[in-house]
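> In case you want the letters, here they are:
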Amino acid sequence: MHTTTRLRKILWEIPALLALGIVLAGVLILATPPGEAGQAKPAELKIGVVSFLSGPATVFGVPSKNAAEWLIEKYNRGGGIGGVRIRPVYIDEAGGAEKQVGEFRRLVLDEKVDLVIGYISSADCLAVTPVAEELRVLTVLFDCGTNRIFEDNKYKYVFRTKAHQVLDSVAAAKYVLSVKPGVKTIAGINQDYAWGRDSWESFRRAMLKLKPDVQVVAELWPKLLAGEYSAEISRLLVAKPDVIHSSFWNGDVIGLVKQGAPRGLFSQSLVVLTAGEHMLQDVGKDMPEGVVIGARGDHWFLHNPNDPLHKEFVDGFRAKYGRYPVYPSYHMYQAVAGVKAAFEKAMKDAGGGWPTQDQVIKAFEGIEYQVPPGRTMTIRGDHNGIEPAIMGLTKHDPKYPFAILDRMTVFPAAEVNPPLGVKSNDWIDGWKK
Amino acid sequence: MTVPIVILLDGVLYAAVLFLVSAGLTLVYGVMRILNIAHGSLYALGAYAGTFLVVVYLRTGGPAPFMYLALLVGALLAGAISGPLVERLLLRPIYAREEVVQLLVTYSLFLILEDVMKLIWGVNPYYVAGPYAFLGTVSIAGVRYAWYQLLLILVALGTGILVSLAIRGTRLGRMMIAVTADREISAAMGINVGRVCTLAFTAGAVLAALGGALVGPLIAVAPGISVEAIVLAFAVVVIGGLGSLEGAALGALIVGIARAAAVQLFPEVELATVYLIMVAVLLFRPRGLFGEWEVRRI
Chain A
1 MHTTTRLRKI LWEIPALLAL GIVLAGVLIL ATPPGEAGQA KPAELKIGVV SFLSGPATVF
61 GVPSKNAAEW LIEKYNRGGG IGGVRIRPVY IDEAGGAEKQ VGEFRRLVLD EKVDLVIGYI
121 SSADCLAVTP VAEELRVLTV LFDCGTNRIF EDNKYKYVFR TKAHQVLDSV AAAKYVLSVK
181 PGVKTIAGIN QDYAWGRDSW ESFRRAMLKL KPDVQVVAEL WPKLLAGEYS AEISRLLVAK
241 PDVIHSSFWN GDVIGLVKQG APRGLFSQSL VVLTAGEHML QDVGKDMPEG VVIGARGDHW
301 FLHNPNDPLH KEFVDGFRAK YGRYPVYPSY HMYQAVAGVK AAFEKAMKDA GGGWPTQDQV
361 IKAFEGIEYQ VPPGRTMTIR GDHNGIEPAI MGLTKHDPKY PFAILDRMTV FPAAEVNPPL
421 GVKSNDWIDG WKK
Chain B
434 MTVPIVILLD GVLYAAVLFL VSAGLTLVYG VMRILNIAHG SLYALGAYAG TFLVVVYLRT
494 GGPAPFMYLA LLVGALLAGA ISGPLVERLL LRPIYAREEV VQLLVTYSLF LILEDVMKLI
554 WGVNPYYVAG PYAFLGTVSI AGVRYAWYQL LLILVALGTG ILVSLAIRGT RLGRMMIAVT
614 ADREISAAMG INVGRVCTLA FTAGAVLAAL GGALVGPLIA VAPGISVEAI VLAFAVVVIG
674 GLGSLEGAAL GALIVGIARA AAVQLFPEVE LATVYLIMVA VLLFRPRGLF GEWEVRRI
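Protein sequences, first through last, are from chains A and B. Each residue of the first sequence is one higher than the one before, starting from 1 at the first, in our numbering. Each residue of the second sequence is one higher than the one before, starting from 434 at the first, in our numbering.
The set of hints was computed from the structure by calculation and includes no laboratory data. Every residue gets a Cβ at the ideal spot worked out from N, C-alpha and C, and that includes glycine. Please note that a few of the clues may not be correct.
Computed cross-link-like contacts, DSS-like style, restricted to lysine-lysine with a CA-CA straight-line distance of at most 27 Å [stated by the list, open to error]: (1) K223(A) / K551(B); (2) K551(B) / K320(A); (3) K340(A) / K399(A).
Facing chain B, from chain A, some residues (calculated, C-beta under 8 Å) [to be verified]: (4) L225; (5) G227; (6) S230; (7) R235; (8) I254; (9) G284; (10) D286; (11) A350.
Sample of chain A residues with no beta-carbon within 12 Å of chain B, all distances over it, derived [stated by the list, open to error]: (12) E69; (13) R85; (14) Y90; (15) P130; (16) D152; (17) L177; (18) P212; (19) P222; (20) L302; (21) N306; (22) K320; (23) R323; (24) P412; (25) A414; (26) N425.
Please model the entire structure based on the sequences and the hints provided.
This is the structure:
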C-alpha cells in the first residue's frame, strides 16, 4: 500500500518537473535578446507560392510552380536554408486581383506563412503590394512585368527578383535595328490591356528615338485571348510594314503564328514576338524561320548551356517534367534563390543565428546571387531586379523538335534597364542619338 | 477598292466562326428553353477532341486529307458522349425547377468540365497547323486568304440550313417543338418526352463540339478557350434573339463585319465593337433581332 502511494507520487512529480523545465527554458529563450545570437531556428520556413494553376495563364503558372517545386526539393535535400526546411504552400492565382488580395490575407493570417513568392499578372502585383506593406510580410514578386510598381512607389516589404517589361521592348528595338537597319515602317498588334499597351508604347518610343524617320503604319488592339485574327492579319497584309511588334503570349501568339504563317505575314514583314520564347516548344516545326524572339530576360535553355548551375536546372527540370524550362520557370528560380540568398546573408550578418524579417529585408537590398544561365542576379536599392536580355531569330535545327534561336544577341543589363531612380519613359526620351 | 473588299470578306469569315460557336447555344435554348452555360465547355471539349485526334492521326503517317475526318470524328464523339450524359444525369432532374437553378447547374458543369479537360489534356496548348495550312491560300484583292477559312463560310451556311430543315421538316424536329410548347400534352399524345429531350440536347452538344473542332485549327487549344467561346456566343445569340438560328446568323454577320471594319478603320475601338452592337440592339429590341415576345401563360 505504502509503495504504491509513493510510486503514484513520483509519477505525478515527473510531469510537473518536466512542465517546470519547459517553462524555464521558454523564459530563457524569450529573455535572450535577438541580434548577435539570433532567434531560435524555426522548425520550417513556410512560403506561400502563388501562380496560375487554372485558366489561360496556366501555361506560365505550371512551369513556374514546377520550377519552385524542383528548386525547393533541391534546397531541402541540402538542408534547406541554414538547416531550416522550406515548406511551400501552392496557391492558384486565378480569379482576379480582389480574390488574390483575399488569398494573400488568408496565407498570412490563417496559414501563417513566413513570406510569399508570387504573381504573374501585373494587376495582381499592383493589388497585393499595398496589402503586403500593411501586413508587414516579406513578399517577392517573381514574374509580373509592369514598371509602375517600383517606379511610382517605394515599398519596404516587397521585392521583385526580375526586370520589368521595358527590358523586352528596348532590347527588341535595338535588335530590330541591328538585323534590319533600313526599317522604314513599323506596326504593332498587341492585346488591349496594360501589358500590351505598355509594351507597344516602350517599343514605339525606343524605335522612334533610335531611328526618328520610322513611321507607325498600324496599331492594332485585339481583345486578350481573342484567338482569331483574320481581320488583323488582313490589315497588316494591306499595310505591309517592314516590322511588326507583338507582345502576345499564350494561345494568342500561337494563333497569330498559325493564321499568319500560311497567309505570308511572316515572310512579308520582320515579326518581333517579345514574349515568344515560351511557346516555341508548343509550336514545334511549324514555326516560321527568321522571326525575332524575346525571352523576357536572358532565359533560354541553350544560352550558356554548360554552366553547371544552368545545366543542373535544365537537365533536372527536363527529367522531372518532360519539357525544357521556359522563362517563367527561370523567373521562379530567381525568386526562390533570392530568398535563400537573402536569408543566408542575413544569418551571416546576424552572427549565424536565425534572422528577423527586418534583417532579411536589409540583406535583400542590393543583394547579388548566382542564377541560371550562370550569371549574377542583382536586386537594386529600389527592390527591383535587373537582368540582361537576349533576342534571336528562329531557326530549325534537326537536334530539336522545335525552332531554336539563331544570331542570338545578349544585351547587358545596363543597356536595357533604366538607371536606378530614373523612370523608363524619361530614360528612353533622354537617349542621345 | 482593297479595303472595302477586305472588310466584307474578313467580316464574313469571322461571322462564320461566330455562327459555328453560337449555333449550339441558341438551338438548346430554342428547343429546350435551357440557357446552357456549359456550352463553352462542350465547344472546348470538341476543340480538344478534334485537335487531339488529328495529332494522333498525323503521327500514324496516314494520307493528309483524312485529317479532316479525324477532326469531325473527334467533334462527333465529344458531343455524342457528353450530350446524353449531361442531359440524363444533370438536366433531367431540374426541368421543372426555376431558371436560376438551371443556370447554377450548367455553370457548375462548366467549372467541372474545365478541370476534367485539364486532367485529360494537361495545361500546355494543343497545336495542330495541318488542317489550316494544308488547303493552301488564294489571293483576293491582293491579300492572301487561307482556303480553310473560306470553306468555313460554306460549312457554317450548310450547318445552319441543315439544322433549320431538321427542326422544321422532320418528324423528330416537330416532336421537339411540341415538347418545348407543352411537355404534358406531348407526353399524352404518345411522345417519349425523355428521349426527345436527350436527342435535342445531344444535337446541341454535337453542334457546340463541331464549332470547337472546326475553329480548333485556327487557334491554340488551351485552358480558357471555353470562357471566350461562351462570352462571344452569348453576345451573338442575344443580338440575334435567344433561340433563333436565323437571329444567330444575322447577329454573327453584323458583329463580324463591324469588327472587320473597326480593325481596318478604327482599331482603337475593336475591343468594344461586339458590346456596342449588343447595347444598340437591346436598346431598340430588348429580345434581340429575331426574339419572340413570350406570351404569359396563366
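> Of all the hints numbered above, which does this structure not satisfy? Sort the numbers upward.
3, 11, 19 and 23
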